[in-house]
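Chains A and B are the protein sequences, given in the same order.
Just so we're aligned: 69 in the working numbering is position 49 of the first sequence, and the numbers increase by one with no gaps anywhere.
Just so we're aligned: 635 in the working numbering is position 277 of the second sequence, and the numbers increase by one with no gaps anywhere.
None of these hints come from the bench; they were simulated from the model.
Ranges of calculated distance between the beta carbons of each label pair, as one might list FRET restraints: (1) A620(B) <-> P68(A): 52 to 58 angstroms; (2) T425(B) <-> A57(A): 52 to 58 angstroms; (3) R419(B) <-> H75(A): 28 to 34 angstroms; (4) I401(B) <-> Q30(A): 18 to 24 angstroms; (5) T697(B) <-> Y32(A): 45 to 51 angstroms; (6) L384(B) <-> M21(A): 41 to 47 angstroms; (7) I401(B) <-> E26(A): 20 to 26 angstroms; (8) R507(B) <-> Y32(A): 32 to 38 angstroms; (9) I22(A) <-> S633(B): 25 to 31 angstroms; (10) P68(A) <-> L384(B): 19 to 25 angstroms; (11) E26(A) <-> R419(B): 27 to 33 angstroms; (12) R374(B) <-> A37(A): 31 to 37 angstroms.
Glycine included, C-beta positions come from ideal geometry on N, C-alpha and C.
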Amino acid sequence: MILLQEIIHQLYFLMSAVVAVLLVGRLFRRKTRPGLAYDIVYAYALIPFVLRALHIK
Amino acid sequence: MSRVRGERQAGPAAERAARGLLARRLGLLAAAIALMVAGSRDIRALRADRETVVVSEALTRRVPLSTYFDGIRGTLMDTPVFLFDSGVPGGSVLILAGTHAYEPASPVMAYVVMENIAVTKGRVFVIPRANPSASRLGMLGNAYPPFFRVKTPWGEKRYRIGDRETHPLEQWPDPFTFVHYPSRQNLAYQDSRNMNRTFPGRPDGNLTERASYAVSELIRRERIDMTIDVHEASMGYPVVSTYVCHERAEDMCMMAAMVLSAEQFPMKTETSPKSLRGLTHREVGDYTQSFAVLMETPEPFIDKFVGPMTEELMLTGRDEFMQTAADRGLLYADYDIKTGATLDYRVGRHLAGAAEVIRQMGEFHPEKRIEASWPGYADIMKHGVGFYLHDPAKADARRVFVN
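Next up, chain A with everything else stripped away, as it sits in the complex:
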């Protein structure tokens, strides 16, 4: 049970890292909504995912 909890716990860090990578990818390469406002949203939304993936917050 402890091992299972630990796996699930670590999966959350992994998921945060995956979402962060996806957001960076979409910041630079996307086909729709190319405007500045969307660039800002993609860059800003990245912050909590990186902080979680790096075990900071």
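Got chain A; can you put chain B on it based on the hints?
For chain B alone, kept in the frame of chain A given last:
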């Protein structure tokens, strides 16, 4: 039309536009990283912080909590346990502080005990930070400072404020509903990380349950006669300024409350409800041989209706909204904004509250008598907490510990 324009732009102009777009996005990414680094500075400082304590010469042993249960070894919950053993047979007491980190008069009280204690009979165990993980987290949405500073004759000493629950970096996700073990009572989801809802603990449970189990194991193996769990309460909560005691300890708590109320400050007593599971005053009493006692002081800082949650509010407890609530009879303890509820007052209450209930245990059970001394309520109110905290720079290095 757009295709025609696109065709016209294919060439140097389009290349310039693409380069401009790339530069803009790289700039935004750099800005986000800068914001991340700057914005997380306090978070990283709180996470890495270590408090210093200069223990008294009465210290005989310091062991990690994992000595009593290996299931927390290597985690942030493997907190140090300090033992002050007189070598003379008598009773034993555990002062369990920092169960809820955002009630900081609790660990500060433990540090004052550890720095000044003298024991001539029996044994005193102290855990100053029962949930070290919670002490490295701020409460979401409350926007309060990560630290507060206590003035001492030699400078300032800094302590963490912390949160109520274990940090999500140690334990996540929360369940939809937390089912308490072993009662199977359904509790709020966040209580799975609340150390005062996870007793008596579970050896194969989540990290907070395992840490609670380690404390229960310490109490059982060391045959602790009395466990005092030190807390603070919001003033809109009925058990503020109260001992909450397991029914086996209620006589000594009632006597201690009467003595304190007559001689020092108002103190109430309540018997632990049997239907409220997971709390130390219930589960330690039910699942160990120890007399279980929990103490609460008034902490305006954690009331929901106060103004800005500043370091000053933490130290003084003065708040105009609290006064309005007091004027309307909404509080469960006396309150006057002129005196507030200072850290000195709260720590002094805890020091005297612990000393008196330990003394009462000796009156009711002479074979469990403990003779230990530390600064009392009057001492703290006269000199302040800082007077009793020693300078680690000038202390014998063997007596200085970080926590």
